[in-house]
Amino acid sequence: MKGHEVALIAGMAAMTFPVRYGFFALGERITFPPLVHRALGYVPVAVLTAIVVPMVLLPDGAHWQISLRNPWLLGALVTAGIAWKWRHLLGSIAGGMAVFFLYRWLAG
Amino acid sequence: MAQEPSIPSPGAELWTGARDSLPMLVGAAPFGLIFGTLAAPSGLSAAGALAMSLFVFAGSSQFIALTLVASGSGLAVILLTTLVVNLRHALYGATLLPHVASLRQLWRVPLAFWLTDETFAVVQLRYAAPDPSPHKHWYYLGSCLAMYGNWFAWSLAGVLLGRSLPHVEKLGLEFAMAATFTGIVVPMLRTRPMLGAALAAAVVALAGRGLPYKSGLLLAAAAGVTAGVLLEPRKVGP
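Going line by line, the protein sequences match chains A and B.
Under this note's numbering, think of the first position of the first sequence as 377, with each following residue one higher.
Under this note's numbering, think of the first position of the second sequence as 434, with each following residue one higher.
No wet-lab data here; the hints were simulated from the structure.
Computed from a prediction, not measured in an experiment: that's the story for all the values here.
Some hints here could point you the wrong way.
What the hints assert, rightly or not - Which stretches of chain A does chain B cover? Using the computed rule of at least three CB atoms under 8 Å from a CB of chain B, they are:
1. 394 to 407
2. 425 to 433
3. 478 to 484
To be verified - Facing chain A, a subset of chain B residues (Cβ under 8 Å, in silico):
4. Ala503
5. Gly505
6. Gly507
7. Val510
8. Val658
9. Leu663
Yeah, the Cβ is synthetic: ideal placement off N, Cα and C, and Gly gets one too.
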């Protein structure tokens with residue numbers, strides 16, 4: 377590994393770890409005000425939705441595919457249905473993946 | 434409520450955390466493989482690619498770094514980009530802080546180093562579960578170790594096998610990650626504020642998907658959180 381790669385990787389690590397560690401480092405020395413605490417409760421739903429929805433509606437990253445012939449959308453809807461009705465995470469993932477791969481296999 | 438509490442052992446939590454991350458191990462596999470495969474053509478040595486997976490451990494940043502290295506961008510540009518792409522992790526850190534604040538630094542340092550989208554997704558769910566297990570950080574660790582080992586192994590496979598692996602990226606294994614995130618989010622959408630948060634985040638993520646360096650994702654998170662708070666009933670506290 378050459379010198380410039382060491383600098384690149386050390387630099388990237390220095391731009392990654394402190395961002396992840398910043399709040400953890402504070403530990404019990406910081407408590408959030410109630411409003412912030414409540415707001416953080418929406419982070420999981422907001423971020424995970426923001427990651428998933430574009431993946432599913434534009435699987436190639438460029439073209440809208442709002443159709444049940446889009447295996448990403450079909451699979452996600454099956455997962456969503458199972459998760460909503462039975463609240464079983466692994467079951468919902470397995471169901472969605474089964475439909476996703478079955479559809480892709482059938483559609484060739 | 435007064436039932437016999439059966440508290441899972443640290444080892445059981447560790448194993449469950451790894452097991453619950455399984456679909457995302459599958460989902461991350463093609464990305465690790467493609468990262469390893471693209472390293473050499475982008476001008477990054479095999480050792481450099483593996484060191485990046487070991488010491489940076491941030492998929493999106495690693496891909497963007499490859500692109501920037503290949504285009505001959507300067508170090509400063511790459512580092513600034515990495516910082517911006519990673520900002521969402523600060524949000525994860527803040528969200529999980531109440532659960533890890535009392536742990537020793539010896540725990541908090543590695544748990545922070547290994548904090549990814551995927552681990553955040555399952556770990557926040559574990560912490561939200563009502564059981565009072567004092568060992569939930571072992572679950573967190575289990576997810577971390579599984580994701581870390583998986584990422585390194587697939588990066589290594591990509592570096593070693595390179596283009597001799599036929600079209601793994603076309604199998605659609607990434608869908609496993611989409612399915613996991615969907616399965617985690619959907620049961621949470623039972624209140625108006627949560628539903629509003631999801632809708633606002635989705636709309637902004639779609640509108641901002643062309644913005645550089647995942648900044649659309651940050652805007653979407655901000656929109657979702659704001660919508661959620663605004664939709665909360667006025668008189669009811671948290």
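A quick look at each hint next to the structure:
no. : hint       : verdict
1   : 394 to 407 : holds (count 11)
2   : 425 to 433 : holds (count 9)
3   : 478 to 484 : violated (count 1)
4   : Ala503     : violated (13 Å)
5   : Gly505     : violated (12 Å)
6   : Gly507     : violated (11 Å)
7   : Val510     : violated (11 Å)
8   : Val658     : holds (4 Å)
9   : Leu663     : violated (10 Å)
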